[in-house]
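Protein chains: 2
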Amino acid sequence: MSKEKRQMALGAMMYFPAGEHISSWRHPKADAEGLLDFNYYKQIVQTAERGKFDMFFYADELYVWDRFESGVSHSNSIRPEPFSLLSALAVVTEHIGLAATISTTYNEPYHIARKLATLDYLSNGRAAWNIVTSQTDEEARNFGKDKHLDHALRYERAGEFVDVTQGLWDSWEDDALLFDKASGYFADINKLHNLDHQGKDFKVRGPLNISRPPQGHPVLIQAGASEAGKELAAAKAEIVFAPGSTFAPGGMLEDGQRLYEDLKGRMAKYGRERDELKILPGVMPIIGRTEAEAKEQLALIDELTPQQLGLDLLSHYLGQDVSSYPLDEPLPYLPEIAEFNQSKSGLQRIREILQQETLTLRQLYQRITNKRGIAGTPEQIADHLEEWFIHGAADGFNIAFPHLPGSLTDFVDLVIPELQRRGLFRTEYTGKTLRDHLSLQRPANRFTKVRA
Amino acid sequence: MSKEKRQMALGAMMYFPAGEHISSWRHPKADAEGLLDFNYYKQIVQTAERGKFDMFFYADELYVWDRFESGVSHSNSIRPEPFSLLSALAVVTEHIGLAATISTTYNEPYHIARKLATLDYLSNGRAAWNIVTSQTDEEARNFGKDKHLDHALRYERAGEFVDVTQGLWDSWEDDALLFDKASGYFADINKLHNLDHQGKDFKVRGPLNISRPPQGHPVLIQAGASEAGKELAAAKAEIVFAPGSTFAPGGMLEDGQRLYEDLKGRMAKYGRERDELKILPGVMPIIGRTEAEAKEQLALIDELTPQQLGLDLLSHYLGQDVSSYPLDEPLPYLPEIAEFNQSKSGLQRIREILQQETLTLRQLYQRITNKRGIAGTPEQIADHLEEWFIHGAADGFNIAFPHLPGSLTDFVDLVIPELQRRGLFRTEYTGKTLRDHLSLQRPANRFTKVRA
Chain A
1 MSKEKRQMAL GAMMYFPAGE HISSWRHPKA DAEGLLDFNY YKQIVQTAER
51 GKFDMFFYAD ELYVWDRFES GVSHSNSIRP EPFSLLSALA VVTEHIGLAA
101 TISTTYNEPY HIARKLATLD YLSNGRAAWN IVTSQTDEEA RNFGKDKHLD
151 HALRYERAGE FVDVTQGLWD SWEDDALLFD KASGYFADIN KLHNLDHQGK
201 DFKVRGPLNI SRPPQGHPVL IQAGASEAGK ELAAAKAEIV FAPGSTFAPG
251 GMLEDGQRLY EDLKGRMAKY GRERDELKIL PGVMPIIGRT EAEAKEQLAL
301 IDELTPQQLG LDLLSHYLGQ DVSSYPLDEP LPYLPEIAEF NQSKSGLQRI
351 REILQQETLT LRQLYQRITN KRGIAGTPEQ IADHLEEWFI HGAADGFNIA
401 FPHLPGSLTD FVDLVIPELQ RRGLFRTEYT GKTLRDHLSL QRPANRFTKV
451 RA
Chain B
1 MSKEKRQMAL GAMMYFPAGE HISSWRHPKA DAEGLLDFNY YKQIVQTAER
51 GKFDMFFYAD ELYVWDRFES GVSHSNSIRP EPFSLLSALA VVTEHIGLAA
101 TISTTYNEPY HIARKLATLD YLSNGRAAWN IVTSQTDEEA RNFGKDKHLD
151 HALRYERAGE FVDVTQGLWD SWEDDALLFD KASGYFADIN KLHNLDHQGK
201 DFKVRGPLNI SRPPQGHPVL IQAGASEAGK ELAAAKAEIV FAPGSTFAPG
251 GMLEDGQRLY EDLKGRMAKY GRERDELKIL PGVMPIIGRT EAEAKEQLAL
301 IDELTPQQLG LDLLSHYLGQ DVSSYPLDEP LPYLPEIAEF NQSKSGLQRI
351 REILQQETLT LRQLYQRITN KRGIAGTPEQ IADHLEEWFI HGAADGFNIA
401 FPHLPGSLTD FVDLVIPELQ RRGLFRTEYT GKTLRDHLSL QRPANRFTKV
451 RA
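Chains as they are written, first to last, in full-length UniProt numbering: chain A, 1 to 452; chain B, 1 to 452.
To be clear, the hints were calculated from the coordinates, so they are not data collected in a lab. Accuracy of the hints is not assured; some may be wrong.
Because identical chains share one entry, a pair is satisfied inside a single copy or across any pair of copies.
Unchecked claim - Subject to a maximum C-alpha distance of 30 Å in a straight line, what follows is the list of computed DSBU-like cross-link-like pairs (lysine-lysine): (1) K52 to K42; (2) K147 to K191; (3) K264 to K200; (4) K203 to K52; (5) K181 to K29; (6) K264 to K29; (7) K147 to K236; (8) K5 to K432.
Given only the sequences and the hints, what does the whole structure look like? Please build it.
Next comes the structure, spelled out in structure tokens:
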């Protein structure tokens with residue numbers, strides 16, 4: 001068999017249930033009420049599977065964004081719980097990976113190891129875990145705390161949390177279960193291992209009360225783009241969702257290449273090969289049959305967010321209320337990162353925008369609201385993806401959608417075929433598990449000895 | 001319409017994945033390997049739905065029972081995680097309730113409120129929560145502790161946990177979501193409520209980031225039979241699964257009546273009506289087409305448990321290793337309950353057996369292993385159920401199965417039709433939600449004011 005051309009990995013992302021955008025639910029074509037109906041999610045994930053996406057990527061937070069009234073009044077801040085939703089979706093799909101966003105700050109590794117293992121069984125090897133550390137004090141207050149855990153501490157906890165989870169997945173060796181009715185031996189006790197973990201944040205004895213997942217370990221995804229986030233990614237992640245890469249038409253490929261090299265370059269010190277990590281920048285295509293139609297679509301999206309909501313969102317990202325400043329003048333200061341305890345990389349992105357361009361407050365909130373958007377024809381969008389893919393800035397993309405399910409359907413019907421024509425994306429699934437789709441090895445069990 | 005005859009409520013219980021019995025997986029007809037295959041559970045829950053069961057009741061624990069080697073070698077101590085499994089099962093069923101066993105000792109109310117609400121949406125109003133407090137030190141050691149929380153403290157925590165969860169379910173009033181694309185109003189902020197709970201064990205601000213479940217609150221089930229457990233049941237539960245009732249052929253109806261009256265009698269002080277709580281004793285029918293066949297089935301089951309496993313199980317329930325005592329002599333002491341921190345009601349049951357009968361150690365472990373079993377023809381089993389049902393000892397039953405899926409199929413094909421002939425059980429589902437099946441009211445939202 002001839003060696004195949006390198007293939008893109010593609011994730012289909014659901015940030016808000018109605019789309020990527022805080023106001024996606026208002027889009028004329030969005031099915032806002034679908035949020036509470038399983039058939040809505042079923043239709044979306046089946047469409048993504050029809051498009052041969054590697055995975056459905058489901059975002060999550062652990063609070064209602066009620067810091068500002070507009071968050072409740074205008075934003076869609078409720079969503080189904082990831083494990084429940086993805087387990088149900090496993091039943092109505094056959095090939096597509098299912099990625100759950102789960103916080104290491106407000107969970108216990110034993111529960112998470114078990115739920116991910118169960119999802120991996122229910123889906124026959126299609127589970128993935130988007131490891132996040134949560135961002136806000138609001139989340140802390142739903143879990144007995146006043147303040148969100150400090151940035152450095154929460155990444156330290158995240159690293160230990162992942163270690164413990166991986167250790168629990170190895171509790172049972174792959175061939176530990178015997179099911180031998182005649183002898184009465186259900187399992188081989190020599191192939192069961194206690195973790196006996198005792199660390200700074202966790203003390204967990206084990207073993208896990210479910211056997212080793214079909215994939216050995218479900219696929220690990222990481223999106224933190226701070227220094228601590230990048231180190232966690234280099235050490236542990238198999239996919240990086242890179243929302244911080246300033247992906248936009250006409251440029252900044254160099255930024256993508258720099259981040260790509262930065263992440264891959266950190267892997268060697270953890271004893272890892274570059275191929276063991278796939279880097280997927282986030283991108284939101286706004287597709288038009290013509291350039292004019294794409295621009296119309298973009299203009300429509302810009303109008304969806306009420307001014308107050310846009311300003312409040314900016315205030316949130318900055319950690320400071322900016323709503324009293326004049327709308328058509330620049331922000332009178334450059335925000336500082338050091339003491340900031342939400343998303344440091346998000347704030348860094350805003351700083352970079354302000355350092356490169358002079359934007360009024362209005363322009364700034366519009367830019368922030370429409371993060372990651374590129375408008376164009378299917379060919380133009382494919383050009384951009386191809387450029388990043390072949391020039392060392394991406395191993396694939398996590399695709400976001402201005403509204404759901406329509407924008408996903410457009411992407412599947414218009415952009416995917418273009419990528420396939422170019423030989424950049426699969427026309428059929430060839431493997432069974434998410435690891436197969438991504439050409440990732442099944443990890444060995446840490447406890448299994450090579451036996452004579 | 002004429003008033004219908006009072007109807008039994010029936011739960012189909014899965015204690016171990018292969019059946020009720022610690023050695024169910026060894027039964028010649030058990031599908032032991034099904035444990036890891038979704039289709040196994042799908043077949044079982046669809047069979048229960050064919051039988052018009054009110055609910056599928058899924059037990060859980062948070063550890064591998066490895067206190068004794070036999071627990072790993074001979075027992076089936078792994079199982080899928082409840083929320084993941086039941087969410088998947090929601091997709092392949094239409095009517096049957098789905099009850100998840102969830103511990104209040106090793107969880108956070110925000111997570112559990114959200115997962116149960118999601119399951120209620122995924123199933124269109126069929127979620128239930130079997131509230132347990134966990135039992136063993138082994139579970140504690142998987143969650144950062146050395147010892148299991150003291151019995152009194154864990155029931156105190158359970159009560160507060162349920163309060164918080166119910167409060168979170170009321171975060172959004174039933175008509176809080178507007179989805180008004182034209183005005184940009186997603187929700188009516190006046191219909192969103194923070195819980196701001198601050199109690200002994202929990203501090204939870206809320207609101208919950210999913211809207212009010214279809215049932216208002218998923219159905220609450222409680223099984224603890226200690227004093228603390230009974231009080232929690234009388235205050236909060238809508239179903240009591242009464243595993244402690246010594247249900248056996250030929251007698252002890254009086255014990256069932258006493259427990260029934262005891263529980264119902266405690267409700268008034270919590271301002272509740274007797275009908276708001278359904279009492280379902282646990283029972284494991286061993287069905288034969290003839291009495292002789294039933295006895296053969298019973299004998300077969302008795303042989304499945306290896307002697308060491310039976311003894312170790314008894315040692316576990318007693319909290320003391322009895323394996324060194326002579327097998328064919330009585331236990332030389334009566335165990336004390338006061339200091340016991342596992343299941344107090346389980347130990348009480350053993351004490352009652354020993355006070356009523358003189359059993360050798362061998363006979364005692366066999367009795368314990370085959371808990372709740374009654375062997376008979378379908379008519380005899382229906383007679384027993386009817387007797388308890390019409391004589392004030394039960395509102396229905398939680399049916400356990402010697403092996404799965406076969407014993408469930410037999411019950412559906414042989415006993416259910418007999419109950420239906422007697423007018424004691426539905427022939428079709430008439431409602432949509434689990435509350436409908438059980439004739440339980442949908443609870444009002446605590447925050448909703450009657451508006452002019």
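Quick rundown of the hints versus the structure:
1. Taking identical chains as interchangeable, the C-alpha atoms of K52 and K42 lie at most 30 Å apart whether they share a chain (15 Å) or sit on different chains (27 Å).
2. In the homo-oligomer, the alpha carbons of K147 and K191 lie at most 30 Å apart only across protomers (26 Å), although the nearest pairing inside one protomer, at 43 Å, exceeds that limit.
3. Proximity of K264 and K200 under a CA criterion of 30 Å is satisfied intra-copy only: 28 Å inside one chain copy versus 48 Å between copies.
4. In this assembly of identical chains, K203 and K52 lie within 30 Å of each other by CA distance neither inside one copy nor across copies; the values are 41 Å within and 44 Å between.
5. Within a single copy, K181 and K29 get their C-alpha atoms only as close as 57 Å, which misses the 30 Å cut-off; across copies the closest is 10 Å, which meets it.
6. Proximity of K264 to K29 under the C-alpha cut-off of 30 Å is found in neither arrangement, the shortest distances being 39 Å within a copy and 53 Å between copies.
7. In the homo-oligomer, the alpha carbons of K147 and K236 lie at most 30 Å apart inside one protomer (27 Å), although the nearest pairing across protomers, at 32 Å, exceeds that limit.
8. In this assembly of identical chains, the alpha carbons of K5 and K432 lie at most 30 Å apart only when taken from the same copy (20 Å versus 53 Å across copies).
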